[in-house]
Amino acid sequence: MQTNVILSIAKKEIMDNIRNKWIILVSVMFALLTLVVSYFGSLGSSGWQNLGNTISGMTQLGAYLISIVAFMLGYATIIGEIERGSMSALLSLSATRFEITVGKFLGLGAVLCLTILAGYGVAGLVIALNVANVNYLEYLAFIGITMIFGLVFLSVALFFSTVFSKRSTALGGAIFLWFLFTIILPIVFVGLLATTIDFTEITMQTTLVVPDWYHFLNLFNPISVYTALITITIGAVQSSTGAGLIPNPSWYSSGLLLGVFLVWIIVFFALAVWRFQRKDI
Amino acid sequence: MPTQLVKCPTCKTTITISGEPGEKINLTCPQCNQKGVFTVPKDINGRTMASSSTAIDVKGLIKTYNHFSAVNNVSFSVKKGEIFGFLGPNGAGKTTTIKSILDLTHADSGTITINGINVQTHGKEAKKYIGYMPEKVSFYDNLTALQNLSFYAEIKHASKEECIHLIEELGLGDAGKKRVGKFSKGMVQRLGMARAILGSPPILILDEPSGGLDPRGVVLIRDKILEMKKKGTTIFVSSHILSEIQEICDRVGIINKGVLVAQDTVEGLSKKLNLKPQITVTIDAMSTKVENAVKTLPGVDSVKTHGNTLEIICDGAMKAKVILAISTAGGNIQNIQSKEPSLEDVFMRYTEA
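Top line first, the protein sequences correspond to chains A and B. The numbering used here puts the first residue of the first sequence at 1, with every later residue one more than the last. The numbering used here puts the first residue of the second sequence at 1, with every later residue one more than the last.
Short, incomplete list of chain A residues facing chain B, as computed with Cβ under 8 Å: (1) S8; (2) K12; (3) N20; (4) G85; (5) S92; (6) L93; (7) S94; (8) D280; (9) I281.
Don't read these hints as lab results, they were simulated from the structure. Heads up, the beta-carbon is just placed ideally off N, CA and C, and yes, glycines get one too.
Can you build the whole structure from these sequences, using the hints too?
Below is the structure:
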């Protein structure tokens with residue numbers, strides 16, 4: 001494995017995406033959205049909210065947006081180049097498919113992380129200048145966790161870009177996956193939960209006891225893992241899907257959830273390499 | 001004598017050298033003129049590289065896509081320093097063969113070696129010797145021509161100066177800082193040629209290099225190919241422009257329906273097919289005496305008359321005798337044209353249904 005090949009490919013991905021202006025627009029959009037959520041997002045109060053409240057407001061929304069951005073960055077990275085013809089030129093050089101996959105993941109990962117850092121970072125600075133008692137560490141942890149969450153979706157997208165034989169079908173696959181993680185899986189999991197819990201007996205005073213299998217199933221949805229990780233590491237998160245209203249089990253920990261993210265990244269990256277190695281160009 | 005790629009320690013330009021393993025060679029970098037002595041190394045596995053005269057060796061290549069046999073038991077070899085033309089109708093298996101040579105497509109069976117190195121098992125090493133221009137030349141549209149070429153140069157260990165030089169040489173000087181997305185097809189094709197020859201690889205594989213080029217571009221690419229051959233580069237070229245192939249190639253291979261049906265020089269293939277030259281003679285007045293004088297000559301295969309014109313197909317050695325016979329029989333010759341069997345004739349015969 002040659003590091004210069006990997007770094008060259010990563011550098012090319014960064015240059016290519018930065019010159020393609022949409023990723024800059026995404027950064028600006030993140031920043032504006034965070035500012036809007038911070039200023040107008042809290043009911044019953046007006047003006048700037050502190051960073052903690054901003055994180056609460058942005059977690060679910062950010063999860064949806066970042067997963068889309070990661071998919072858009074990665075869904076065609078392999079198949080797009082194969083379809084366009086540039087992959088055959090790249091593979092005719094002494095660059096292995098493994099090196100190309102690593103280079104692409106690092107380059108696109110850097111673009112995604114820079115986008116998140118720029119968007120949330122600028123917004124965080126603006127908010128910090130306008131509120132008192134700023135907890136910078138919490139906000140940095142939020143940005144860091146969001147970056148790792150983005151890398152999970154990038155890894156999934158990278159794998160799917162090796163599965164399909166056309167860019168257009170890969171786009172369809174990416175859209176389906178996004179709906180799967182954001183809508184279908186939460187509905188299916190809550191639906192399964194509803195079959196085991198009598199919700200009519202739950203009052204404001206009772207504590208909702210949710211079986212462990214439900215929490216275990218949620219580990220298979222990176223969006224659930226992300227909201228749980230933010231809740232455990234930083235504070236409570238209100239979820240628009242309702243999943244966030246269910247308390248996290250005691251066996252959830254930052255380490256475990258970060259470990260789950262790591263497994264997602266490694267497994268899908270390994271699958272991407274495996275699939276790409278076998279693909280005819 | 002085996003070929004090796006070495007890097008200039010000063011400017012990182014890749015230099016191709018030939019020598020026996022262990023031999024000390026005095027070198028001068030063509031880019032920065034740095035002088036030095038280089039000892040020819042052994043190859044990656046400690047094996048001494050075969051000092052074979054073969055640059056590309058394909059043996060028993062088979063590739064099937066969903067029960068469709070794209071390439072069926074194809075074997076050929078390309079000698080070092082020669083230009084080998086690879087021809088065939090659309091869908092005959094040319095690009096599949098080229099992609100297999102580069103291990104872009106995984107062959108079902110067969111072995112492919114580049115300078116004695118197996119592409120399927122040591123692809124990374126084998127590809128160091130190759131420059132490739134695909135049929136569908138494509139670059140990263142958001143990057144400039146120089147940024148694109150510099151990216152490939154980093155992987156090929158070539159210098160940025162060489163990129164600038166090649167952009168100039170291929171007539172893209174002013175466009176070097178333009179985004180490739182704004183290039184015409186011809187400009188992209190020229191840049192594709194620059195990418196292929198970047199780092200002076202000892203073997204060039206060109207798939208339809210003149211596709212989409214204007215006549216000036218075609219000449220530029222042809223001259224570049226001939227210049228590379230003069231430097232000792234082995235060139236494997238696939239093209240539909242048969243006149244071009246006939247002009248530049250030492251040998252040709254013809255593939256049809258996945259099977260390699262012929263490989264030799266154009267003359268050799270013409271002989272195998274017993275193709276003969278055609279002489280067209282125009283005289284002032286046609287007569288039966290003249291016609292019979294030609295028809296009765298040994299070595300004349302056919303004689304056709306159109307008004308005062310005779311179309312004669314005969315052995316090459318009979319041309320002078322044919323002319324003499326016409327003259328002796330009273331034919332007053334006004335014009336003579338001779339057409340040797342062309343690659344087009346050979347191609348049509350080998351690829352007819």
